[in-house]
Amino acid sequence: MINNVINRSFFTLSFVVFLSFSPVLAAEEKPINEVSEDDYMGEVPRVLTVSRLSQSIADAPSAVTVIDRETIRASGIVDLPEIFRLVPGFYVGTNAGFVHNTNHAVSYHGMTTAYAGSMQVLVNGRSVYSPLYGGVQWSELPIAIADIDRIEITRGPNAASYGANSFFGVINIITQSPLDQLGTSVSATYGDGRHEAFARYGAKQNDLSYRVTAGYRDDDGLDNRYDFKRTRLLNTQMDYKVNDKNNLEFEFGLVNGDREDDQSLNTIRFFQPRLRGIENNYELIRWRHNVNDNSDFSLQAYHSLNTSDDVINSVDLSSFPFFTHLASPSFIQIDNNIEMERYDLEAQHNFSISSSLRGVWGASVRQDTMYSPYYLGTHNTDTFNLQRLFGHAEWRPSDHVVLNLGAMVENNSFTGTNTSPRASVNFKLNANQTVRFGISTALRTPNYLEEKFNTNIIVPRLNTAPYIAEYFADSANLKPERIVSREIGYLGDFGKLSLDARVFYDDIHDYIKSNLDRSLNIGSLTPSGYVLIKQPTFYTNAGNVNVSGFETQVKWRITNDDRLLLNYAYVNIDADEQQTANNITTSMPSSTFSGLLTHRFNPQWDASYAYYQTSEVTALGDGGYVGLARRSDIRVARKFKAEHISGEVSAVVENLFNEHYQEFADYNTLKRRARLNVRLDF
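Numbered by mature numbering (1 follows the signal peptide of the UniProt record, and there is no 0), the letters in the sequence shown go through residues -26 to -1, 1 to 656 in order.
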């Protein structure tokens, strides 16, 4: 099966490369001996995330997608993870889960769970993944969509630059400079189950520029779930130019509010719906120092704190026939308060040795502290320490070859010392086309849920041994997941049309999964004086997984007023026999497609149409089977400008044709939603 996929993918890529040499597309090409560096660069975007060096996409060691703020605007999204539907190989599912709370599921190339921990997510280079479950609580990020300048998505393992958890790739959300957001802007959105308002003020005083954004979000969620969110946001960013050689940057962000959670599934409810208070804040300072024309140094430090005040109350358990000898009524209560705190310090040195050789190296230290009586089974705080050393070199042995080499060495409290190298070579066929061959490795360190989930749910009984209704017993000796990824990529830039194609083959070893071993002797595992009514759940390194496929992205500037973005991915997952029963092979849609068409009628009016389609998928964890999903969105906007004010009025309809479909699990039903947005700029 894998060979068929690879053969099909290589044939497809070969066909694409063949087409790229046709006279129609290659009309503006130059012979290789007449090509200059400026010809290579052209208007190709430069990216910072992939190697920590500023590179054109054609020079980068991995496939990368850049989503700019105009694409974000045209998509009409109000939830940040929705934008990743426009990245090839991504699966995004709206989710109001019954175990892991309300959150969009975002995954790349499979192993889809409510909190997929295989993607590193950064905001201005600051890691925001949770040490508890490894994923991102998207709705609690202290960032306004209007403040985003662009998002750089590395499609492929990138542990050589950002360490463990950069397993399948890296998302780096980059905000606008305060200098680009001077003045006052207010906006309000009103629609089906969604109300929000934001205000932003930016100014410059001498060498200090700053921006302050405040707002609130009111999201009712899905009709059939207890999943509303009421949050307030504050974000500040300041840049201070000390002198020509030194610059200081400051950031502060805060989100707090309430969210509704419910552990029920269909009609079975053991716990009552409830409100949990949440707060997420961070502070960051960054010093940039220009040593000379060939050398730059930066030092970054940040602190983040994420808290959740949560007490879970059960329904009357005496009504369930499998619980006997209970008091009537009988209730239990769970302390689910969580506090996660992170301190991180990182130094980085960029340098250039010659016109053909440059590099970057650096080091970082991090400390995560975790308090969770329920998940850790103790009221004590646990500490996770991490140290890293990284380096990357870019060498140009000739005008048409770029070689990238990099590696990360890291040591952590869970798995010890590990190394993640990467290598790639980019051949520039001519001024418009590049072929990339790459191999990279990465590790995924177990998160706290996998490494130290030790708890039980005790149900007291009258005059007899109490029940242990749930029993989680992690052994705290997991190996890190390991991936070796091989890829061939193609990039073509033909003026109005650009093409990004990639075939890949990923070997994953020591895959971590939850395990309910029915062969275990329950009696031998039951604490004295208790009755265990369900086998213990724990996490193990279960086996090997192979992920292979093909993905492509096409950007076409049809006319000065029309643009088209198309994405397609085919993904195949094979696994050891012991994995197949866990739905691992169906944890990613085999095919995903998305498109965004924008049209400008005149300087005032514009419109866009987005289409998303995913084949059937069975998500892991609290996910489940959902069938083929199709969705169409439309957006119409009118800009206006008066003497002292400008702005925009836009209307968005999601799921235009009102196809009731499910995402991530069959309890998440999506219907048509419409909203109106008004923005005023002073």
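Just so you know, these hints were derived from the structure itself, not from any lab. Take the hints with a grain of salt, since some may be wrong.
Claimed, not checked - Between beta-carbon pairs, the in silico distance windows are:
(1) ALA648 x LEU208: 22 to 30 Å
(2) GLU44 x ASN264: 27 to 35 Å
(3) ASN632 x ARG204: 24 to 32 Å
(4) GLU44 x SER269: 47 to 55 Å
(5) ASP197 x TRP261: 45 to 53 Å
Stated by the list, open to error - Under the rule of at most 16 Å between Cα atoms (straight-line distance), these lysine to aspartate or glutamate pairs were calculated in the EDC-like manner:
(6) LYS178 x ASP213
(7) LYS178 x ASP232
(8) LYS529 x ASP42
(9) LYS470 x ASP536
(10) LYS219 x GLU253
(11) LYS645 x GLU633
(12) LYS215 x ASP166
(13) LYS219 x ASP270
(14) LYS203 x ASP193
(15) LYS613 x ASP640
(16) LYS203 x GLU315
(17) LYS178 x ASP197
(18) LYS203 x ASP166
(19) LYS615 x ASP550
(20) LYS645 x ASP213
(21) LYS470 x ASP535
(22) LYS645 x ASP270
(23) LYS215 x GLU225
(24) LYS203 x ASP192
(25) LYS613 x GLU633
(26) LYS203 x ASP232
(27) LYS203 x ASP270
(28) LYS645 x ASP197
(29) LYS203 x GLU253
Note that CB positions come from ideal geometry on N, CA and C, so glycine has one too.
Outcome of the hint check:
Checked against the hint of 22 to 30 Å, the C-beta distance between ALA648 and LEU208 comes to roughly 29 Å, which is consistent with it. One distance hint, 27 to 35 Å for the beta-carbon pair GLU44 and ASN264, holds here, with the actual separation near 31 Å. Between ASN632 and ARG204, the C-beta spacing of about 27 Å keeps the proposed range 24 to 32 Å intact. Distance hint for GLU44 and SER269: a CB-CB separation of about 34 Å, inconsistent with the stated range 47 to 55 Å.
The hinted window of 45 to 53 Å between ASP197 and TRP261 holds, with their beta carbons roughly 49 Å apart. Of the supplied pair hints, the one linking LYS178 and ASP213 holds, its CA atoms being roughly 9 Å apart against a limit of 16 Å. Restraint check for LYS178 and ASP232: not satisfied, since their Cα atoms lie roughly 35 Å apart, outside the 16 Å limit. Simply put, LYS529 and ASP42 have alpha-carbon atoms about 13 Å apart, close enough for the 16 Å limit, and the pair holds.
Pair hint LYS470 plus ASP536 holds up; C-alpha atoms about 11 Å apart against a cutoff of 16 Å. For the suggested pair LYS219 and GLU253, the alpha carbons sit about 37 Å apart, so the restraint of at most 16 Å is broken. Distance check on the hinted pair: LYS645 and GLU633 sit about 7 Å apart at the alpha-carbon level, within 16 Å; holds. Between LYS215 and ASP166, the direct Cα distance comes to roughly 45 Å. Violation of the 16 Å bound is thereby established for this hinted pair.
Distance restraint check for LYS219 and ASP270: the Cα-Cα separation of roughly 9 Å lies within the 16 Å cut-off, and the hinted pair is therefore satisfied. Straight-line distance between C-alpha atoms of LYS203 and ASP193 comes to about 5 Å, which keeps the hinted pair within the 16 Å bound. Distance check on the hinted pair: LYS613 and ASP640 sit about 40 Å apart at the alpha-carbon level, beyond 16 Å; violated. For the suggested pair LYS203 and GLU315, the alpha carbons sit about 23 Å apart, so the restraint of at most 16 Å is broken.
About 45 Å separates the Cα atoms of LYS178 and ASP197, which puts this hinted pair outside 16 Å; it is violated. Between the alpha carbons of LYS203 and ASP166 the distance comes to roughly 14 Å, so the proposed pair stays at or under 16 Å and holds. Our distance criterion of 16 Å between C-alpha atoms is broken by LYS615 and ASP550, whose separation comes to about 61 Å. The suggested pairing of LYS645 with ASP213 is violated, with an alpha-carbon distance near 43 Å, which exceeds 16 Å.
As the CA atoms of LYS470 and ASP535 are separated by approximately 12 Å, the hinted pair is consistent with the 16 Å bound. Under the criterion of a C-alpha separation no larger than 16 Å, the hint pairing LYS645 with ASP270 is inconsistent with the structure, at around 51 Å. This hinted pair checks out: LYS215 and GLU225 have alpha carbons roughly 15 Å apart, not beyond 16 Å. Our distance criterion of 16 Å between C-alpha atoms is met by LYS203 and ASP192, whose separation comes to about 6 Å.
About 31 Å separates the Cα atoms of LYS613 and GLU633, which puts this hinted pair outside 16 Å; it is violated. At most 16 Å may separate the alpha-carbon atoms for a hinted pair to count; LYS203 and ASP232 meet this at roughly 6 Å. Of the pairs offered as hints, the one joining LYS203 and ASP270 is violated, with about 43 Å between alpha carbons and a cut-off of 16 Å exceeded. Between LYS645 and ASP197 the CA atoms are separated by roughly 9 Å; this keeps the pair inside 16 Å, and the hint holds.
Between the alpha carbons of LYS203 and GLU253 the distance comes to roughly 12 Å, so the proposed pair stays at or under 16 Å and holds.
Of the hints listed earlier, those the structure fails to meet are numbers 4, 7, 10, 12, 15, 16, 17, 19, 20, 22, 25, 27, in rising order.
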